[in-house]
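Visitor: Line order of the protein sequences matches chains A and B. Residues in the first sequence are numbered from 1 upward in steps of one, following this note's numbering. Residues in the second sequence are numbered from 1 upward in steps of one, following this note's numbering.
None of these hints come from the bench; they were simulated from the model. We put the CB at the ideal spot given by N, CA and C, even for glycine. Just so you know, not all the hints are guaranteed correct.
[Stated by the list, open to error] Which stretches of chain B does chain A cover? Using the computed rule of at least three CB atoms under 8 Å from a CB of chain A, they are: (1) 111 to 117; (2) 136 to 144; (3) 265 to 276.
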Amino acid sequence: MRNFRVVACLLALGVLALAPAYLSAYELSLLGRFLALSILALGLTMTWGRTGILSLGQGVFFGLGGYFLAMHLKLMRLGAGEIPDFMEWTGLGYLPWWWKPFYSGAFSLATIILVPALLAGALAWLVFRRRVGGVYFAIITQALALAFSTLLISQQKYTGGFNGLTDFGDAFGFTLGDNGAQLGLYWLTLGVLAPAFAFSAWLLDTHFGKLLCAIRDGENRVRFLGYDPVPYKAAVFALGALFAAVAGALFTLHDGVISPAMVGVVPSIEMIIWVAVGGRESLAGAVLGTLVVNLCKDWVSSAMPELWLFAMGVLFIVVVTIFPRGLGGMLEGWLLPGAEGLLARFGDRKKRASRLGEAPPRGSQRAEMMKKSEVQQNA
Amino acid sequence: MTDYALLAGQLFNGVSVASILLLAALGLALSFGLMRVINMAHGEMLMVGGYLSFLTYRLAPARLGFGLALIAAFVGAAAFGALLELVLIRRLYGRPLDTLLATWGVSLALQQAARSIFGAIGVEVTAPKWLAGSFTVKGGLMAGFNLPYVRLFIIALAVFVLGGVWLFIQRTRLGLYVRAVHQDREMAEALGVNTGLVDLVIFALGTGVAGLAGSVLAFIAPVTPTVGQSYIVYAFLVVILGGLGSLLGTLLAAAVVGLFSAGAQIFTSVSFADVLLLMFVIGFIQFRPSGIFAARGRALEEG
Numbered sequence: 001m002r003n004f005r006v007v008a009c010l011l012a013l014g015v016l017a018l019a020p021a022y023l024s025a026y027e028l029s030l031l032g033r034f035l036a037l038s039i040l041a042l043g044l045t046m047t048w049g050r051t052g053i054l055s056l057g058q059g060v061f062f063g064l065g066g067y068f069l070a071m072h073l074k075l076m077r078l079g080a081g082e083i084p085d086f087m088e089w090t091g092l093g094y095l096p097w098w099w100k101p102f103y104s105g106a107f108s109l110a111t112i113i114l115v116p117a118l119l120a121g122a123l124a125w126l127v128f129r130r131r132v133g134g135v136y137f138a139i140i141t142q143a144l145a146l147a148f149s150t151l152l153i154s155q156q157k158y159t160g161g162f163n164g165l166t167d168f169g170d171a172f173g174f175t176l177g178d179n180g181a182q183l184g185l186y187w188l189t190l191g192v193l194a195p196a197f198a199f200s201a202w203l204l205d206t207h208f209g210k211l212l213c214a215i216r217d218g219e220n221r222v223r224f225l226g227y228d229p230v231p232y233k234a235a236v237f238a239l240g241a242l243f244a245a246v247a248g249a250l251f252t253l254h255d256g257v258i259s260p261a262m263v264g265v266v267p268s269i270e271m272i273i274w275v276a277v278g279g280r281e282s283l284a285g286a287v288l289g290t291l292v293v294n295l296c297k298d299w300v301s302s303a304m305p306e307l308w309l310f311a312m313g314v315l316f317i318v319v320v321t322i323f324p325r326g327l328g329g330m331l332e333g334w335l336l337p338g339a340e341g342l343l344a345r346f347g348d349r350k351k352r353a354s355r356l357g358e359a360p361p362r363g364s365q366r367a368e369m370m371k372k373s374e375v376q377q378n379a
Numbered sequence: 001m002t003d004y005a006l007l008a009g010q011l012f013n014g015v016s017v018a019s020i021l022l023l024a025a026l027g028l029a030l031s032f033g034l035m036r037v038i039n040m041a042h043g044e045m046l047m048v049g050g051y052l053s054f055l056t057y058r059l060a061p062a063r064l065g066f067g068l069a070l071i072a073a074f075v076g077a078a079a080f081g082a083l084l085e086l087v088l089i090r091r092l093y094g095r096p097l098d099t100l101l102a103t104w105g106v107s108l109a110l111q112q113a114a115r116s117i118f119g120a121i122g123v124e125v126t127a128p129k130w131l132a133g134s135f136t137v138k139g140g141l142m143a144g145f146n147l148p149y150v151r152l153f154i155i156a157l158a159v160f161v162l163g164g165v166w167l168f169i170q171r172t173r174l175g176l177y178v179r180a181v182h183q184d185r186e187m188a189e190a191l192g193v194n195t196g197l198v199d200l201v202i203f204a205l206g207t208g209v210a211g212l213a214g215s216v217l218a219f220i221a222p223v224t225p226t227v228g229q230s231y232i233v234y235a236f237l238v239v240i241l242g243g244l245g246s247l248l249g250t251l252l253a254a255a256v257v258g259l260f261s262a263g264a265q266i267f268t269s270v271s272f273a274d275v276l277l278l279m280f281v282i283g284f285i286q287f288r289p290s291g292i293f294a295a296r297g298r299a300l301e302e303g
């Protein structure tokens, strides 16, 4: 069973690695972009799917990663004594002190990795410490996304405002946009995604990962067993933010622009739908969901732009009410048992019990509802 | 304009924003307290109310328009809320995060529907003549202090609605059931209270009040497809601050959020005021994690 999964993942990796051979340049750049986004989705699978922490502000961490890299790239374009174009237009006339360290590539990379993770960890710790969670946390993160995007728009002098940051210089010695760099960028994205995937899969299999599931299914029981869930929740949320920031930086490289339109309330919730469609608990589902949803978005919004929000709304309702386990759940529900059944003749078969990420029900009506959904899941 | 007038004006602004937030958050707080679900489409109920009153003004004779618009907004939004509760929220009972996501889907679909029907720019509603003017202090310390009648009307409406809801919950049979379900759902159910009906009524009442808020908001600003989004995040913060389903808590929290934003805007820009507000809320829950008025209970899993 386990071997089968590993083989399936390696096969998928192989298919992706060979993509430059059979995809056109445009298709490849789309795929690369979506693969970058799926790194963020891996983080969401761990925080939301496994730990039950719903973040409606993942765009903030994505945006931080993107903006930090964009600041560096913006500076790389400048000659001595010049300042970024938008600072001239808005009449700022000098480079603010907190932009200056971003001349250094190493510093920029360090901020991408450290700042969003630390910020997320601190926020999560402050909120969870007082046993505020669930819906409250979701709303707080949404308010964070709102505040962050309005702040970016209003501080046009420092952030480029509504248009964001674009028109970059060379990235670490490569000129963005030429064909070789495009291919290199694709490899880079894949080269980050694959270890991130392997790391996530390993982490969820450790004691730490099992505790995350335990916290989701019964936080108070975990407490009674002598664990303090707060550091675990803060840690996994920080990890999710780190993944989001890396995805944001990679996406900025692919897209050549980062703007408030990618970090606000609506984009943040769009990230949730990737994972919801993919199946919130499954890592492979997260990647698959991101690819499928974004491909659909690409098709729908080029054919009929006004339809996309509509489609996304309906998708949310349908996935949550009818397919709470998403594509990944279907995969596990239909494909794997088939393969598993074949393998079972040679080895012992373990049934994996899994439950959706909500607190245990109280009371008769809820218990009944939960029982029903459990039966469905186990069926 | 004197400094005093500026200060008083900002204070008045704060109270005015607070009264809108109160109307927007009341339904959220009630249904959250009762059912533990957050309705992300609640902001769109403001939008529905706004568009309904726009349509009423178009269709109804001018004299009756004002009253009819308010009624249409309330009834229309309440009916919409009832439908939402029956079709969607009831099915997701006991899965609060999933409810949140599904209702977000409803919210997106409604926004897009409004954009397709009425256009993205928004529609204007002109207030009746007797609401159009404003009251200005001519001399003395407060010279230049300006009180638009529309805003005074909104404050009065908020007070009226709050009073009405309070009377409903404290003085009627159904209100008694609401309090019973709020305190102990299983026990109330065991004693024969139709909890499904109570949920439905409270949910519809909450969305109706939001529709009312949307209707009067139309006098201040054009009704756009995203009008709900601009208020709803603050309304959520009001719910967090206020505590579970407490009317008094919601009132106080709306006042705090409204005055805090208005106060912060004296010293800094609107966007920084948002950031400060969020930091204030996170700071606040360090001291009172379950809001200004926490529902006291011994159960660990509650709330």
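Visitor: Hint by hint, say whether it matches the structure.
Guide: Checked hints:
1. 111 to 117: Since three or more residues must qualify, the claim that chain A covers the region 111 to 117 of chain B holds, with 5 doing so at under 8 Å.
2. 136 to 144: violated (count 0)
3. 265 to 276: Satisfied; 6 residues make the cut.
When each numbered hint is compared with the structure, a violation occurs for hint 2 only.
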